[in-house]
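> Heads up: the sequence lines are chains Z and F, in that order.
If you want the numbering used here, it's the 1-based position in the first sequence plus 2.
If you want the numbering used here, it's the 1-based position in the second sequence plus 2.
A couple of the hints might just be wrong.
Estimated spans, in silico, between C-beta atoms of each pair [stated by the list, open to error]:
| no. | chain 1 | residue 1 | chain 2 | residue 2 | range |
| --- | --- | --- | --- | --- | --- |
| 1 | Z | 79 | F | 332 | 29 to 39 angstroms |
| 2 | Z | 25 | F | 45 | 26 to 36 angstroms |
| 3 | F | 89 | Z | 210 | 20 to 30 angstroms |
| 4 | F | 144 | Z | 30 | 28 to 38 angstroms |
| 5 | Z | 288 | F | 143 | 43 to 53 angstroms |
BS3-like, lysine-lysine: derived pairs with alpha carbons at most 27 angstroms apart [as the list claims (entries may be wrong)]:
| no. | chain 1 | residue 1 | chain 2 | residue 2 |
| --- | --- | --- | --- | --- |
| 6 | Z | 148 | F | 8 |
| 7 | Z | 8 | F | 117 |
| 8 | Z | 8 | Z | 195 |
| 9 | Z | 142 | Z | 79 |
| 10 | Z | 8 | F | 142 |
| 11 | F | 33 | F | 117 |
| 12 | Z | 195 | F | 99 |
| 13 | F | 143 | Z | 8 |
| 14 | F | 143 | F | 79 |
Calculated directly from the structure, the hints in this document are not laboratory data.
Treat the numbers as computed from the prediction; the structure is a model and nothing was measured.
Glycine residues also receive a C-beta, built at the ideal position from the N, C-alpha and C atoms.
Protein chains: 2
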Amino acid sequence: MPELRKDPVTGRWVIISTDRARRPSDFVREKVQIRGSGFCPFCYNNESKTPPEIMAYRPDGSARNTPGWTLRVVPNKFPALRIEGQLNRQGEGLYDKMEGIGAHEVIIETPDHSKTLATLLRPQIEDVLWAFRDRVVDLKKDRRFKYILIFKNHGDAAGASLEHTHSQLIALPIVPKRVHEELDGAMEYFRYKDRCIFCDMIQQELETGVRLLAQSETFIAIAPFASCFPFEVWILPRAHQSAFEESMKPEFERFALILKDMLMRLDQVLELPAYNFVIHTSPLPNSSNDYYHWHMEIMPRLTKVAGFEWGTSFYINPTPPEEAARFLREAAVQANVAS
Amino acid sequence: MPELRKDPVTGRWVIISTDRARRPSDFVREKVQIRGSGFCPFCYNNESKTPPEIMAYRPDGSARNTPGWTLRVVPNKFPALRIEGQLNRQGEGLYDKMEGIGAHEVIIETPDHSKTLATLLRPQIEDVLWAFRDRVVDLKKDRRFKYILIFKNHGDAAGASLEHTHSQLIALPIVPKRVHEELDGAMEYFRYKDRCIFCDMIQQELETGVRLLAQSETFIAIAPFASCFPFEVWILPRAHQSAFEESMKPEFERFALILKDMLMRLDQVLELPAYNFVIHTSPLPNSSNDYYHWHMEIMPRLTKVAGFEWGTSFYINPTPPEEAARFLREAAVQANVAS
Numbered sequence: 003m004p005e006l007r008k009d010p011v012t013g014r015w016v017i018i019s020t021d022r023a024r025r026p027s028d029f030v031r032e033k034v035q036i037r038g039s040g041f042c043p044f045c046y047n048n049e050s051k052t053p054p055e056i057m058a059y060r061p062d063g064s065a066r067n068t069p070g071w072t073l074r075v076v077p078n079k080f081p082a083l084r085i086e087g088q089l090n091r092q093g094e095g096l097y098d099k100m101e102g103i104g105a106h107e108v109i110i111e112t113p114d115h116s117k118t119l120a121t122l123l124r125p126q127i128e129d130v131l132w133a134f135r136d137r138v139v140d141l142k143k144d145r146r147f148k149y150i151l152i153f154k155n156h157g158d159a160a161g162a163s164l165e166h167t168h169s170q171l172i173a174l175p176i177v178p179k180r181v182h183e184e185l186d187g188a189m190e191y192f193r194y195k196d197r198c199i200f201c202d203m204i205q206q207e208l209e210t211g212v213r214l215l216a217q218s219e220t221f222i223a224i225a226p227f228a229s230c231f232p233f234e235v236w237i238l239p240r241a242h243q244s245a246f247e248e249s250m251k252p253e254f255e256r257f258a259l260i261l262k263d264m265l266m267r268l269d270q271v272l273e274l275p276a277y278n279f280v281i282h283t284s285p286l287p288n289s290s291n292d293y294y295h296w297h298m299e300i301m302p303r304l305t306k307v308a309g310f311e312w313g314t315s316f317y318i319n320p321t322p323p324e325e326a327a328r329f330l331r332e333a334a335v336q337a338n339v340a341s
Numbered sequence: 003m004p005e006l007r008k009d010p011v012t013g014r015w016v017i018i019s020t021d022r023a024r025r026p027s028d029f030v031r032e033k034v035q036i037r038g039s040g041f042c043p044f045c046y047n048n049e050s051k052t053p054p055e056i057m058a059y060r061p062d063g064s065a066r067n068t069p070g071w072t073l074r075v076v077p078n079k080f081p082a083l084r085i086e087g088q089l090n091r092q093g094e095g096l097y098d099k100m101e102g103i104g105a106h107e108v109i110i111e112t113p114d115h116s117k118t119l120a121t122l123l124r125p126q127i128e129d130v131l132w133a134f135r136d137r138v139v140d141l142k143k144d145r146r147f148k149y150i151l152i153f154k155n156h157g158d159a160a161g162a163s164l165e166h167t168h169s170q171l172i173a174l175p176i177v178p179k180r181v182h183e184e185l186d187g188a189m190e191y192f193r194y195k196d197r198c199i200f201c202d203m204i205q206q207e208l209e210t211g212v213r214l215l216a217q218s219e220t221f222i223a224i225a226p227f228a229s230c231f232p233f234e235v236w237i238l239p240r241a242h243q244s245a246f247e248e249s250m251k252p253e254f255e256r257f258a259l260i261l262k263d264m265l266m267r268l269d270q271v272l273e274l275p276a277y278n279f280v281i282h283t284s285p286l287p288n289s290s291n292d293y294y295h296w297h298m299e300i301m302p303r304l305t306k307v308a309g310f311e312w313g314t315s316f317y318i319n320p321t322p323p324e325e326a327a328r329f330l331r332e333a334a335v336q337a338n339v340a341s
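Turn these sequences into a full structure, and let the hints guide you.
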């Protein structure tokens with residue numbers, strides 16, 4: 003029997019369908035494999051083919067825009083938003099608009115074209131997280147920005163246009179609606195219960211265990227109760243924390259470990275799937291609060307562009323998260339060893 | 003310069019990007035062409051291969067589940083929801099769920115496998131609209147249902163699993179969040195202005211003309227100001243009307259005409275694109291009101307599964323709707339002749 007489940011934060015209902023494809027092998031898809039053929043602007047010696055770097059980790063002290071880096075952040079060559087200018091808010095009859103001011107940056111996670119985020123060493127993944135943080139801290143100084151969206155498109159089916167492993171960051175002069183929905187839902191729960199809804203979810207998931215994927219002393223990974231997508235994975239800090247960029251150093255280490263573990267499990271169970279991840283965190287400038295809890299949402303791209311879901315934000319998920327959790331838990335992965 | 007535009011109803015901001023692909027020829031995609039090879043459960047003589055029909059238009063008075071029909075409605079063979087049972091609402095700790103009760107039906111628009119909705123004759127398209135209405139009127143009697151979603155997936159990239167032209171209907175025991183957002187936005191505007199926001203939009207679009215695609219005495223087609231997708235098209239009744247199923251007979255005729263016109267224009271300008279459409283209408287059971295205005299949203303599938311848009315509901319649209327409107331207006335299409 004299919005089930006309708008409500009996301010406790012946003013209030014969105016999702017159909018958890020049980021009569022359709024559900025097991026990992028039921029999803030027809032292309033493996034994300036690194037072909038490595040052709041010119042790549044993210045490889046060593048092609049530094050001049052990207053816009054000049056914003057920052058880079060260069061343990062050898064090499065010069066800007068030259069090889070030697072271990073991680074490099076550059077502006078997106080085809081940015082969705084422009085950094086220069088004023089917002090210039092204005093009306094047009096009953097419509098509202100403003101200039102497309104913002105930042106759109108690319109985090110090149112490694113010079114090694116053959117790697118994926120899952121196959122990087124744990125300390126390299128930690129560096130990617132540090133780069134996210136460093137960029138957020140820097141962009142926070144620009145008071146035009148209200149939200150920083152950190153995300154990754156991995157594989158063609160997830161919208162990646164270059165295969166060399168990279169993440170992206172968009173600094174926005176507005177808070178996206180979906181973030182507002184989460185904030186509002188979390189705030190309403192807090193008003194009612196005086197507790198963070200995500201903290202309560204973590205508590206319940208640890209108690210029941212059916213949707214629990216992994217836990218360390220600092221993080222928890224779960225298959226969310228009202229998953230919109232098959233094999234969706236959330237990673238949350240166990241202690242209340244509203245903003246990603248305020249994480250402490252040991253937390254980045256722990257986050258890198260559980261993220262690697264989850265990506266390796268997804269790669270094993272779903273055979274190198276395309277995926278997106280998005281870091282959900284509090285808006286700027288005052289990102290410390292009692293009601294919101296930052297987390298990462300990982301969405302494997304297993305189903306075709308899901309038709310009407312786009313226009314309706316109404317999702318049908320063919321894999322109950324409890325089943326997804328069972329497959330992901332049973333995967334034989336040793337992230338510790340690989341680090 | 004990119005622009006941020008706010009959807010006046012939902013409050014969602016969209017980036018109208020101007021430095022990326024924008025012209026029809028900039029989008030790489032597969033044409034939706036009817037191959038016609040292999041077995042098709044929607045063709046004549048295969049009536050037993052679908053679940054028994056719910057209704058059919060049979061001008062020749064032929065028997066149920068036999069050939070002779072011009073349009074046929076059957077339950078989806080792999081339904082997302084089940085018609086039998088009770089909702090059985092319950093909690094699970096802090097989570098809420100209910101049984102997946104609902105209807106999931108398929109409207110087979112013609113027995114002719116070689117046709118698409120765009121190439122059907124105008125009276126045939128009118129019959130499709132009548133079938134939508136007839137099913138809504140029937141399902142409305144079931145008080146478990148709160149919303150009826152009518153949509154179409156055309157082409158592989160839009161999520162169609164069978165190429166024989168068909169639409170779908172899902173009757174839901176809840177109102178989808180996106181519909182709630184629209185209703186709330188429209189209601190807020192009505193409280194403030196004592197006018198329907200869609201009526202005001204229609205007025206403004208007729209006055210400025212820059213996003214106007216077509217108008218008849220009863221309908222208007224526009225490229226919406228804050229289009230989420232390139233070449234998005236909305237069709238709205240010009241006079242205020244909150245519920246699709248309450249349309250009068252001459253309106254169905256007029257709607258069929260403008261719908262055919264728009265689909266033919268999209269086919270010409272974008273070279274047979276995959277697309278989805280969704281009818282946005284008021285929830286059941288009391289679908290008459292002053293603040294909401296039913297309409298159809300047509301979304302061509304030109305861009306790849308747009309990565310982070312899924313998780314954030316934050317959209318980047320590379321084609322300003324004013325440019326899309328220019329291309330669609332200039333298309334040489336004569337829907338009248340084809341009828």
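> All hints are to be evaluated individually against the structure, with a verdict given for each.
Tested hints:
no.: 1; hint: 79(Z) to 332(F): 29 to 39 angstroms; in the structure: holds (31 angstroms)
no.: 2; hint: 25(Z) to 45(F): 26 to 36 angstroms; in the structure: holds (31 angstroms)
no.: 3; hint: 89(F) to 210(Z): 20 to 30 angstroms; in the structure: holds (23 angstroms)
no.: 4; hint: 144(F) to 30(Z): 28 to 38 angstroms; in the structure: holds (35 angstroms)
no.: 5; hint: 288(Z) to 143(F): 43 to 53 angstroms; in the structure: holds (52 angstroms)
no.: 6; hint: 148(Z) to 8(F); in the structure: holds (16 angstroms)
no.: 7; hint: 8(Z) to 117(F); in the structure: violated (39 angstroms)
no.: 8; hint: 8(Z) to 195(Z); in the structure: holds (18 angstroms)
no.: 9; hint: 142(Z) to 79(Z); in the structure: holds (22 angstroms)
no.: 10; hint: 8(Z) to 142(F); in the structure: holds (24 angstroms)
no.: 11; hint: 33(F) to 117(F); in the structure: holds (15 angstroms)
no.: 12; hint: 195(Z) to 99(F); in the structure: holds (20 angstroms)
no.: 13; hint: 143(F) to 8(Z); in the structure: holds (25 angstroms)
no.: 14; hint: 143(F) to 79(F); in the structure: holds (23 angstroms)
Of the numbered hints listed earlier, the single one contradicted by the structure is hint 7.
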